[in-house]
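Trainee: For reference, the chains in residue letters:
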Amino acid sequence: MAKTRIKYLSIEGLPKGYLLLLGVLGLLALVGLLAAHHMETEGHIVTGMNNQIVWGLPHVFAVFLIVAASGALNVASISSVFKRSLYKPLARLSGIVAIALLVGGLMVLVLDLGRPDRLLVTISHVNPKSIFTWNILLYSGFIGIVAVYLWMMMERKMNPYSRPVGIAAFLWRLILTTGTGSIFGFLVARQGYDAAIYAPMFIIMSFAYGLAIFMLVLMAAYNLTGRPLGDKVVTRLTNLLAVFIASALFFVAVYHLTNLYATEHHGWEAFVLLGKNGGGVYAAVFWLVQILLGSLLPMAMIFSGVALRSRKLVALTALLVIIGGFGQMYVTIIGGQSYPLVLFPGAEVTSSFHDGVAGEYAPSLWEFLLGLGGFSLALAIIAFAVKILPFLPESLEDAVVDPHHTD
Amino acid sequence: MSSNNESSGSRRTFLKGGAAVAAGLALAPGVRLLGVARAKPDDEAVTSAVRWGLLIDTTKCADCEVCVEACHTENGIEDQGNPATTPQWIRKLMARDKSTGHVVTLPMMCQHCEHPPCVDVCPTGASFRRADGIVLVDRHICIGCRYCMMACPYKARSFEHEKVTGQAPHAPRGKGTVEACTLCVHRVDKDQQPACVEACNASGHGAMVFGDLKDPNSAISNELTRHGGTQIRADLGLNTGVRYRGL
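Taken in order, these protein sequences are the chains called U and X. For the first sequence, counting from 1, position 252 maps to 257 in the working numbering; every step adds exactly one. For the second sequence, counting from 1, position 20 maps to 36 in the working numbering; every step adds exactly one.
The hints are simulated quantities; they were obtained by calculation from the structure and are not laboratory data. Any given hint could be a false lead.
To be clear about the criterion: a stretch of chain X counts as covered by chain U if any three or more of its residues have a C-beta under 8 Å from a C-beta of chain U, and this derived list gives those stretches [claimed, not checked]:
{"hint": "1", "region": "113 to 121"}
{"hint": "2", "region": "158 to 171"}
{"hint": "3", "region": "175 to 181"}
Glycine included, C-beta positions come from ideal geometry on N, C-alpha and C.
Make the full structure from the sequences, and use the hints.
Mentor: Encoded structure:
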């Protein structure tokens, strides 16, 4: 088949529902800001967080969005780094989705600080040993490098540089997700963390979460603008999603099997897998949301061919992966903190400070609104960007894309 | 104790000896002048010549809360009415061995580690370790990320969830920042003992000994040499400044 030049176009005029979409997303982002303001004014007392669960729902949203951001760039990486031409027309959208998700995640993360007004202190006072310090560099660098990458792709004169910059962006994103996973992996004292596998596990999970969001954005954009989106692209992305889900499951299995082999971790595993000693919520979310709804069901739908019967089913499959991702973050972040620190192995410990018992946490509306606000900001950025700049190919019909060609 | 302690031991022994002679000349026999060699003006930097530590004898630790009450009074920590969010710089902890039924009760607070995980993870350096071993939070540059609370193996830190009232001038605290036991650094710098230790001794229990771990002649070093001491979560290799007996 002859190679067709891809024509990218910004969105002309105002498609039906566009202003409403942007308005709703903008409003939700604003509500998120107001919720954060309330949290800052009143203190974290208005959240469900406490001295046992110090990171709550905002971290679930923030870490999910940041992990998904690095994963969303994968589509561009497959095009630039691995030279798969089918993915090339999708690369620009992949880049802007990645930036937008990261910005949304950072909004939540920063506004959940006890003193967000002191954010600049992280520049004037730096502890190079802190993984948070590395992440500040990795996150801001990611936005910069992907912006340059987009420029290389969108400015014809700069096109020859898109591959080297794409490779740099790919390596950067791998390091970024390593840094995010290591936030938990390097926490030596907690039974649920302190495992090097968190870094690669987060990378593989990012592939799945980022791709799922990318697919939904892609289908929504083409649906909204009435541009053609062929089955080749959708089928390829859907099948890829199944591979990513399976890979993530493998890492989850290895993580738990390793813990199950070591007697010292049996308490944590009984907590998170069987719901013992107050872990009921986390075991339920793990099995029902992360594993069943978020992994096994979408995988079964894809491998059985059910998912590809309609675009709605494809969207449902991607949505399930996102819901599973939130479940995974909830179990990892909240469950990992809820399990009590082991100060005296083999002893029952009690105190007035909730030692020896599962930490209790019920997220408040403010936290949810902040998290939702960050997600909405990310989607609003995408909606605005594709409107004003040529991110989306005019057509992604099967005849336009060529799945067999590599150059 | 580390080899560093041993190498500096002889010099300090000499200095201490000289100081003891001077003190003996000035005071009546039997009067113990604590920390005579430690006195330092406020504008003088803290040095690593000392390492402050605590030894807690759990066999003497009674079922009381005098150390907790003394700490919270000293540092202006008020009950905010919500047990899940009210800060606790020190708490009484009861551990019952599941196989033997043996029960120990002990105070738990910041263990003032030589290699504190809270300091490692803090992005701004707000969590820091003084040269004399006291681990503190600089409340002026704490951004309230709470990563130190995730990292601390001892659950020693609290986050200020709401507006702080009744602050003590020497222990500034603020909503949105993290705080913990300071080993009563404001008292230590004036050659006084931490409030918890003073209260425990005053109550007659005498379960807590405070002193310089690097001084081989200090009471705490003598006790540790004679009877030993255990670090909680010694497996983490943090070399805590707080040690326990009777665990």
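Trainee: Now tell me, hint by hint, if it's right for this structure.
Mentor: Results of checking the hints against the structure:
1. 113 to 121: holds (count 3)
2. 158 to 171: Coverage by chain U holds for the region 158 to 171 of chain X (13 residues, Cβ < 8 Å).
3. 175 to 181: holds (count 5)
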